[in-house]
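These are the residues of each chain, in order.
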Amino acid sequence: MMNEFLMISFYGTAIALILIGLYATLAKKNLLKIVIGLSIADSGLNLLFMAIGYVKDGTAPIFSAEVVGKNVVMVDPVPQALVLTAIVIGFAVTAVALSLVMRLYRHHNTAAIDEIKNLKW
Amino acid sequence: MNSLILLLILMFGGALFAFILNKFVPALRDIFVVLLMLGVSYLFFSTGISNRLNFDVLGIHMQWGFTSASYLFGIIVVVLGSLALIYSTAYMKGKDRLGYFYMNFLFSIGAMLGILMSRDLISLFFFWEIMTWSSYFIVIYSGNDVDRRGLKYMIFSAIGAYSMLMAIVIVNSFIGSFLLEDVFASIFAIGSGYQIAIAILLMIGFGVKSAMMPLHVWAPRAYSESPMSYTAVFSGALSKMGVFGFALVLFNLVSTQNWLINEVVAWLAAITSVLATFYAVIQSDAKKLLAYSSIAQIGYIIIGLASNTYLGVMAGLFLAVLHAVFKSTLFMAVGAVERQVGTTDMTKISGLIRRMPWTFVATLISIIALAGLPPLGGFVGKWMLYEALITSGHYYLVIMVFLSSTAAFLYSYRILFGMFLGQEEPEFAHVKEAPLSMLIPMLILSGISVLSGSHPGFILEPIQSAMASFGFQSNLPHESWWELTVLFNTWGDKVALVNVLTSIVGVFLIALAFITIKGYKNQRYVTTKDISSSGEIIQPEDNMTFQIDFYKPFERAIWPLLKRKIDDYYTDFGKGLEALFDFVRRFYNGNGQFYAIYVMAFLALLLIAGTKYFGF
Amino acid sequence: MMKRFFIFLILAIVGYYIVDVVSQIPFGENRVNVGDYYLDKSPSELKVSNTVTAIVVNYRGFDTLGEVTVLFLAATGLASIMFRRKRKGEKDIRAKKASSRIIQIGSQILFPIIILLGAYVFIHGHLSPGGGFQGGVIIATASLLMLISYRKFKVNHSTISWIESIAGIVFVLLGVTGLILGKTFLENFLPTGELNNLLSGGIIGIIYVAVGFKVAAELTGLIDTLLLNNRPEANKEK
Amino acid sequence: MVISPVQYIAIPLIAAFLIPLFGKLNKELVRIIPGLVLLYLSYISVVLMNQVISQNTMIVEIIAGWRPPWGINLVFSPFSGFLASLFSMLGFIIWMYTYNFKREVEDAQTEKFYVLMMMLITGTIGIVLTGDIFNMFVFLEITAISAYSLTAFYRERDGAEAAFKYLLVGSFASFFILLAIVLLYSQVGTLNMADIAQKMPDVNPYMKGVILMLFFVGFGIEAEMFPLNGWAPDVYTQAPGPIGAIFAGMVVKAGIYGLVRVIFTLFDVHEIFPLLMIMGVITMAVSEVIALRQGKLKRMLAYSSIGQMGLVLVAFGIGTHEAVFAAIFLMFNHAVIKSLLFLSGTYLVYHSKEKNISDLDGIGKSLPFTSFLFALGSLAIVGLPPFAGFWSKLYILMAAADVRLIAVIAIILAVSVVEIVYYFRVLHRIYFRERISTIEIKIPSFNAKISMLILAIVIIVIGVYPDLISGLIERAATDLLDKQHYIQSVLSVGLH
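Residue numbers (my numbering), protein chains in the order written: chain A, 1 to 121; chain B, 122 to 737; chain C, 738 to 975; chain D, 976 to 1471.
Please note that a few of the clues may not be correct.
[Unchecked claim] Straight line, CA to CA, 30 angstroms or less: simulated DSSO-like cross-link-like pairs of lysine-lysine: (1) A:120 to D:1271; (2) D:1183 to A:56; (3) D:1183 to B:733; (4) D:1077 to D:1424; (5) A:56 to C:778.
The set of hints was computed from the structure by calculation and includes no laboratory data.
Just chain A, same shape as in the assembly:
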């Protein structure tokens, strides 16, 4: 019961975040909102990955002095490591995106994506 509740809340939140982020990216006109949408979707994905790595009643995968030698269940450490990487990459992309937004705003005096159409066809 508890487990199912956790499952629904974790998976549900993650997927909801993903969809919200994607919606913002696809439907919002403002460049900043689009970038934010991308970040939200990334967070949702990271959360999803963490949730997949969860093991019932698991502890953090750290062999501190208290747990050494005892038989404890630990959660899967791989998603955590990968999510760390993914977060950093997401951060880097966001930083570049923001700088592009600043330059676009300076150049076009607007942040609406449908008015920035110098390149087409």
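Position chains B, C and D against the provided structure of chain A, taking the given hints into account.
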């Protein structure tokens, strides 16, 4: 080193070298290209037809070597090539980008030799494409409206080449080999639908180069606006590559069950020749006239090939050789006029006979050959063609050929009269005869035309061995189908051509001498404007040159036929495509968000389709 | 409106499939995967108590090298995107008004503490939760604090690029040293020490410290570049 | 130190971190170091490729001492090694071109340009060499971030707009690939590609399908597949010229490598091949058709590049050995030829603001060498003999004919006619128009000429003698199709 490879290396390497030489020592360029071509000709003639070269490229087996059929065409190529290059040295003097011109000239000759020596479809296509782009580069070398003209040539060549390529890969997928022998041997084993498709696709490819009916629209402008020294080769030799290809296809890839293909090709060729002749008649520019005439003549050749009788094929090949000879002479002559006078508009020029007598002689001989008058070769060829068509029962085709060769008299006359006869305009009084290096090639070729009339045997001999290599065995009643100077016909009559020739020439010479001596004292030169004796006052804008409106009635008569040019349909089609393409372009509307939506929509589609249809 | 409806439709389809697929993944179940191997080996062979760190720096250290590179590239790319010729007499000022005294003094007090915390986090990366990235980010927050409270606080970009470069080179060279010593790239060549000891885990600790420095320097530079360019007069430029 | 594949990554990284420091010492070092690095990479390519071909193996290098599937590994197989060698050598040639390019740009920017350019190349090499799916994602991001920044490199163009579009769509690509990796990990519990390929048959088909579709879209974006390639033309147009060459020559190729590696090795589902082929045909037809209607040179080249990628996809989609051979051959040819076109085209429109094709009128007289190379490249890309493009096109057609895809052949050839039309239109303008525009002309520097000349010579030599390279490509095709060999070679490494 194998002489075949040496031949190609000399040709292509020499072409590049000519380009570089032109950059650094332009003075040596002319001598170099002529010597190179002569050297290549020597090498060509010393290479026998037994020489075979086998090698593999990318796992594709290839074979090079001449057969007696391709050797025949090879002779045309090297002879015309050498003469045209000699002609070029004077004709092209003073034009710019000569390195570019000669490089592409030599490339295209080398590519033609390559086509002829290919015994497999891949190298055939390989050299075919080299020939295409090198000739294209000369087509756009000079003249106006380069964009349209060049593009038209390139588009049609590309369509032709690619349909050829399609046929080639399909053949290979069935037979597993590109070698012509293998293809010929096992083509009839594959399904007949594919068989027909392959033949048609290949013929589209060859039809473009030989300017067959619906695919001919590139030809008039391309022939007429290239430098004449190249057009001599272009119309004389390069279009014969298409004929060569037709011969390969018609004799080897079309089975006797598919006789309809032969009929259709023959009829298309007949229509080509009639329409092109009509167009030729109404042209006022000599170059364009000759261009249309070329298209028409190749029509006859293909009728001959498609008649699929021994005599017909022989006539076709004979006309092919002859056409190469006289049409390149004519182009050279017109080129000489163009160079000396500055225009080829027949409504402006007249009376050049006194200024350029030798050019006139060459033109006269070639025109006689073209019109098919006895005693020259054209008559022999046409005779054989008629006979072949009649004996095989193609009466309607005979009518078509007859119609077009009769109409051909009209333009033959026009080119002769328009440029050389008639009154002499004062503005052309300063015109001089063309330089010797232009005259010599013309006169040599005219000489060949004369010989072809009196001694057709020397052309028919290689043709007969060529036909043997195409698979036509002489199974006709006469042991020897020809003798050196005598032409037989199916009914066994003999026509001693030398006697005919000598008697006609004799009469001609006597008449000429008579007219000259008799009329010499009485003649007085008047210009075309000088008709004040009739009491009419001539305004300066009235051009009284008589060839201007002479053909009006004829033009009016055939106008319904020519009103809507095929060209216009192609243009409309192209416009429609462009509009469609512009519509497609709107997909990229510039809004980055839309691109993201496309991505998501594509993913959604894939997820639905993927789970439903891809069987996951 | 059509567009929005269309987007809803697409997202509904994609969402349906994601939900469908994810709900087939059993939650909280201990699956057999490479993680078990890491949990087994990292305390026994590497003597690293934080398995995540062991994975990040050792097992999948190559990823981390790439990750550091991504950050480095983001900093470089951002500087290149924001690059602008300075006009004459232009000063590097971030805001028109200085912030209030309370914030200034508060940040003065907080600054060393935050730096200390960051340093602690990346030095103990192999023992406790945290590591180079986390520590570096914490340090960068400290400089962000200073940047927003002091109008004239200057970040020395030359120093930053030195730190960045040296930290990056240390990382790669540690990897290459393994290669030179006849082992593989990024393989541990130092004694591993005792579990739960500060000096354990061989090169893992050193690498994480280098990463910490690098991340801190890069983020600081990044923030500074973004802030410097966010001035009204910069917006006028076309 | 023994030469090993990891140096492809390590050496450029050291250099990238060092360049800012050397920039303080001497401005010239900033330009020289990337060249030395790429030269060294070309050298190790030759050594490693020789080793792989002569010993008939693949080099699998483990990293951090943990053998697969636990550690990350680099796989220098005939296919990935061929691409890595191609990228490093092409990279060196493009570096040679950039050496004197835009000297007027500030030093600070020059430094960043070279760091980003080198990392762009390294990222693509990493994508093809890595044997780990998550690591591939990381390298994809390295490539992507350098690409975004380089696209927006010039302030005076609309680079930022193009870069933002690229970033937006590229983020979707990363998102889908990462989502696919997450789902894949939840199913097979490993990230090593060989291990995944081994465990793949156990995954339930529905899951497999969804994951494959996510990968397909993700890598399809990088491979410029049709409805996903909205970013591509803008990016090619706005990026600096040599970077356009890198995009066409390497970045796209890396995307295609990812796509085919996933499809052929990881999943090995043959049902996807028709989809790949159909998408290839659509991509090719649409973009070549649009290229015909372009008024701007670089945009035309961009659409042409997309079209060629479509052709590559068609060939991979046919999926026979011959077709894969043709596809890899075309990838090689396209990398060389399109680089030449971008490099020479850049100088043709160097000072032109709008980069219109009409600015090229009569430029052949002023820039004979560059125009000549551009013409040569045009002839080669449309597949006219005797240049390199001909053989790959021929092989694709042969492969298609062998499986009786007559319609596909017809479409490929029809599109080739379109291609001929728009390339020859440009050539007309270059050579047979009078020069009217008053735009200043930029004569290429000596090193730029040399680099273009090298590419041109490669095109001609391969065109006349394709067997020079066909052995390598043959091995690469065999390697891609032999999934079991890949799995065994990777998983047996380090077992002692």
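Which of the numbered hints above does this structure break?
Every hint satisfied by this model.
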